[in-house]
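Trainee: Here is how the chains run, residue by residue.
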Amino acid sequence: MLQRTVPIMILCLSGAVMVLAYFITSAVSWSETVNVWFNVLAAVAYVLGAGNLLTVNLEKISSQRPGWGYSAITLAAFFFMLTVGLFKIGAVPDPAHPTVHLAGDYETAASPYGWMYDWVFSPLTSTMFALLAFYVASAAFRAFRAKNIESILLLGTAFIILLAQTAAGMFLTGWIPEGSAFAFLRLDWMKIAITEYIQTAGMRAITIGIALGVAATSLRLILGIDKSYLPKGGGAA
Amino acid sequence: MSDSPLARLNNLDRRWIFLAMGLSIAIPILLKLRFPEYPGPMARATFNAVEAVPEGSTVLLSFDYDPASAAELQPMASALVHHCAARKLKIVFMALWPLGKKQADGTIDRVLKEFHPGYQYGTDYVQLGFQSGNEGVIKLMATNVPEQYKTDSSGTALTSLPLVAGVKDLSAFKLVASISAGYPGAKEWVQYGNGAMPEAFSIVGGSTGVQVSQLLPYYPKQMEGMLVAVKGAAEYEMLVEQKYPVAKPEVIGQGRVRMGPQLVAHLLMIALIVLGNLAMIAGRSRGGAR
Amino acid sequence: MTATTMQRSLTTTVAAALLVLSQPALAQAPEAATQDWIRTDRLPLLLVIVLVASAVAAAIALARSGRPVKIRRLAALDAVDEAIGRATEMGRSVLFVPGIQDMTDIQTVAGVTILGRVAKTAAEYDAKLEVPTCRSIVMSAARDAVRAAHFEAGRPETYTDANINYLTDEQFGYVAAVTGSMVRDKPAACFYMGAFYAESLLFAENGNSIGAIQIAGTAEPSQLPFFVAACDYTLIGEEFFAASAYLSGERDQLGSIQGQDLGKLFAAAVIVIGCALATAGIWIPKLAGGADALRKYFGG
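Chains as they are written, first to last, in numbering that gives the first Met the number 0: chain W, 0 to 236; chain L, 0 to 289; chain E, 0 to 299.
Just chain W, same shape as in the assembly:
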């Protein structure tokens, strides 16, 4: 019974405190306390995550499963960054405390940590983000087909925005005077009209629905109606 009752009570209490804190000024410190509790949990959970990472990759290396070399690289990178970051190896000494090694800033470009960030981490994350350009092109080729009225409208909108976001927009319609009766035919005007009115209206409608969905889900959880996150049966939680 305790396995299910205690989590429900914690959830109910924390949820009530967070809601009340929004309206009652003296309750604001309680919500900050709840946030601090979560931050403590999340910090401890890092240890759990690191332990799981080590377990999975070490097992792969020891059993020499296909791809174990990548696990070795993962662990080597993990320990390298952990070591140089924690112990500030190679950090530039702080002028105010030149003899205290740990007073140095480990993030400068000259330190191993800063070097890894500038020359390994930063290019890799930028590369992954840049993959989106390629995937957008293949998604557009495959998915943007004029099968019905809605998709034709989508296509038209896509053409307008794609052109208006570049110099082609001004080249094609920039000659139409801004104050004239035909100014609405300018691609930059159409882009603004589409983003400010049509897109914003649709987005607001979806956002209202999402907010209501969040409210209903939160109520189900706080009132204990939805208990699907709790352990069931005889398993250890």
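Just so you know, these hints were derived from the structure itself, not from any lab.
C-beta: ideal position from N, C-alpha, C; glycine also.
Among these hints, one or two may not hold up.
What the hints assert, rightly or not - Facing chain E, according to a computed beta carbon distance under 8 Å, are these residues of chain W, among others:
(1) L47
(2) L130
(3) V135
(4) V213
(5) T216
Using the hints, position chains L and E against chain W.
Mentor: Below, chains L and E without anything else, positioned relative to chain W:
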């Protein structure tokens, strides 16, 4: 019955598309293709918002992005820092994203120290660094900045930095700018910063293209200016460099550099969409199975 | 313990806790009887919360009384069985990605509850379910949910921790790992349920390239278009939050979905009234004042 060449495009290997996209980006960069930019109303509004801040005032720049979004946001960040320094504004840097601090440090090195060597740390600019807590940071800063940031990013007490020694809350800043890639970012600054003290300071924001629909409702009332994606950055750069030129335009001109590949890539996407539809029509007219 | 007794004890516990916790706060604010103890500028929001909560509670009560609850079919959820069955037939795995945020994000909570349902179906079909997570706490919650699902399906012996792992907190590091495993292992069914940002299209296009059936759900408005374009089925916004209740089939939970729709009706009514007042106010200035009053009251 064999499919027409157009109908066969329905089964086009996506790697051809990837190759075409790669070439459409690489070739304009190598050929240094540039196109004229015409500043739109939002870029002009952002420029005017910074111009309206009196000389010598203090502004807060929040770097709420990481290296992944730097390609889209770094150009506007660099231009904004240069604009503020050219207007002789005092700049306080901070970050709501853990890696935003590194982005700010890089911008300080490349722009502030390069083009404004007279700027002194502690009196003209301060780097507060990253604080965890997302919108909680903004909420606390709205009423008590020293409670949120007791020291700057290198551990120096705020009380010993003349620029921020007397700062109590966000009303000490005449302008707050957030270069944001997501959550937390410009939207949280509007909701919790502007929401707490609506008339105390102006807010301008820079965001990625996908975020624009979430920020547009706040423009122009809560946000005086907004820069959207690389296009917004390119337009803003043009305005800044026209009035405050620099010796190395390539540092403040990266947004315009990226507009060349963007034009070619967008034209490629239009071509791909048209081809895809022609392939679909050809496949249907032949009675090809899909 | 019955449901009624539990709710009574919960209410009592909450009230007692609030009393205990309030002592230091009240001690710091001896003049709590004044208006300062409550944010009067947020009262309109409190009114909206009370209205929505009342609608949800009323709908739940009606559902409990035996009144039939009609919820429109959600194609994405009806396809869950089909997707997992397909994976079983092909002898390939099922991939479930619960988003990249922590358990503090309600989308992750919703994703993990859907994971429980999907895991139960996967256990019944004896399909291998892989759940790579971006946060350690999410990994723990996911393991609990999947373990519980296996027990519920009567297959506790088939549960293993090995398929639910923490990868990294770093967004694109996580994406690289998951997409790499998708290309190597080629799951036949991919579920993306939770909070996603830029990686949504990376997942969806990769899944498309390996021929997987893809079902996505998120409440991030900026990522919905990518999922809609690239996935077979998408749960849009509130459908995603309704999914857990829909899959449970429990009357209480289905009733809460109806309550949520009542809240939407209220929002639509306010919008229509406000737009009508603002439009009519062009010709009749008094009505423009009404629109301004609505805007100030609800807008803060």
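Trainee: Give a verdict on every hint.
Mentor: Hint-by-hint comparison with the structure:
no. : hint : in the structure
1   : L47  : holds (5 Å)
2   : L130 : holds (6 Å)
3   : V135 : holds (7 Å)
4   : V213 : holds (5 Å)
5   : T216 : holds (5 Å)
Violation of the numbered hints given earlier is absent; every hint is satisfied by the structure.
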